[in-house]
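S.K.: Here's the letter readout for the chains.
There are 2 protein chains.
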Amino acid sequence: MEQRITLITLGVTDLALSKAFYEALGWRGQEVQETVFFQAGGLGLVLWSREKLARDCGLAPGTPGGFGGIVLAHNVRSDTEVDELLAAADLAGGTVTKPAVFNEIGFYSGVFTDPDGHAWEVAHNPGLPLAEDGTVTLPDFGAA
Amino acid sequence: MEQRITLITLGVTDLALSKAFYEALGWRGQEVQETVFFQAGGLGLVLWSREKLARDCGLAPGTPGGFGGIVLAHNVRSDTEVDELLAAADLAGGTVTKPAVFNEIGFYSGVFTDPDGHAWEVAHNPGLPLAEDGTVTLPDFGAA
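Those sequence lines, one after another, are chains A and B.
Take 766 as the starting number for the first sequence in our numbering and just add one per residue.
Take 766 as the starting number for the second sequence in our numbering and just add one per residue.
Next up, chain A with everything else stripped away, as it sits in the complex (with noise of 0.2 Å):
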């Protein structure tokens, strides 16, 4: 198994309303078959109906909203930034979870939820620096 992803499914409960969450904060992309599908970097993050979604994987749906165990993370350039996106998410209807506050690692950064509950960690970390074209090579931690 190589290392990488190519999609990125986010199962959601409205698809319309999701999709204008993701455009209010810039995002664009192509709606097919009920589907969503943005670019993003090397691969795509869609957006499908969670149930559908579910029963496609040979799942139970289960319950939306909840924590559902992953957490999606966009790093940005500087601290303001980190305000800047999380106010645009709180105006565009999501739910800012946790304000930004420097972490005990010593960075900047706050998380919202969309309006499925998915969560994104908003952050600036130097030490983790984006590339100009916002992707990122993890530093040698020097661990095992």
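Worth flagging that the hints you see were computed from the coordinates, not collected in a lab.
Source: prediction; values computed, not measured.
Be careful, since some hints might not be right.
[As the list claims (entries may be wrong)] DSS-like, lysine-lysine: derived pairs with alpha carbons at most 30 Å apart:
| # | chain 1 | residue 1 | chain 2 | residue 2 |
| --- | --- | --- | --- | --- |
| 1 | A | LYS863 | B | LYS863 |
| 2 | B | LYS817 | B | LYS784 |
| 3 | A | LYS784 | A | LYS817 |
| 4 | A | LYS784 | B | LYS863 |
| 5 | B | LYS784 | A | LYS784 |
| 6 | B | LYS817 | A | LYS863 |
| 7 | B | LYS784 | B | LYS863 |
| 8 | A | LYS863 | A | LYS784 |
[Unchecked claim] Residues from chain A shown here face chain B by an in silico Cβ test under 8 Å; the list is partial:
| # | residue |
| --- | --- |
| 9 | LEU780 |
| 10 | LEU782 |
| 11 | TRP792 |
| 12 | VAL797 |
| 13 | LEU810 |
| 14 | SER814 |
| 15 | PRO826 |
| 16 | LEU856 |
| 17 | HIS883 |
| 18 | LEU903 |
[Unchecked claim] So the derived list for chain A, only partly shown, Cβ under 10 Å to chain B, looks like this:
| # | residue |
| --- | --- |
| 19 | ARG769 |
| 20 | ALA805 |
| 21 | THR845 |
| 22 | ALA853 |
| 23 | GLY858 |
| 24 | LYS863 |
| 25 | PHE867 |
| 26 | ILE870 |
| 27 | GLY871 |
| 28 | PHE872 |
| 29 | TYR873 |
Don't be surprised by glycine CBs; every beta carbon is placed ideally from N, CA and C.
Please build the complex by placing chain B on the supplied structure of chain A, with the hints as guidance.
M.R.: Same frame as chain A, but now just chain B:
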């Protein structure tokens, strides 16, 4: 907000078990401060305590194991590779929740879950070709 993702963090209940699972599939990462970091293309895939992850996001951890509402897809270059990866996931202690089939769209895919129930679709989709470096560029679906 730029259309990109910096990190995907999977909340896990047993870090050593989860790390061993991904290592059995060929992933190599770094463990530092009870966190495992894998380089995954231009982003990082991270394993961290599910409970700490939830609390760090200002969220209640909830119950692990059920469908979390997010599915990661790992596309490969042949139908045979789909079968091989699903078999490897099963052997490594994952659960094949959907044996590979040709889906309605016409491509071959199946799904496994990792030890914490995080779902991975494994697909060979000629309509979404992989670049040599494993990235994808979404086609023009001719949609809005």
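S.K.: Run through the hints listed earlier and report the numbers of any the structure violates, in increasing order.
M.R.: Hints 1, 5, 9, 10, 14, 16, 21, 23, 25, 27, 28, 29 contradicted; others consistent.
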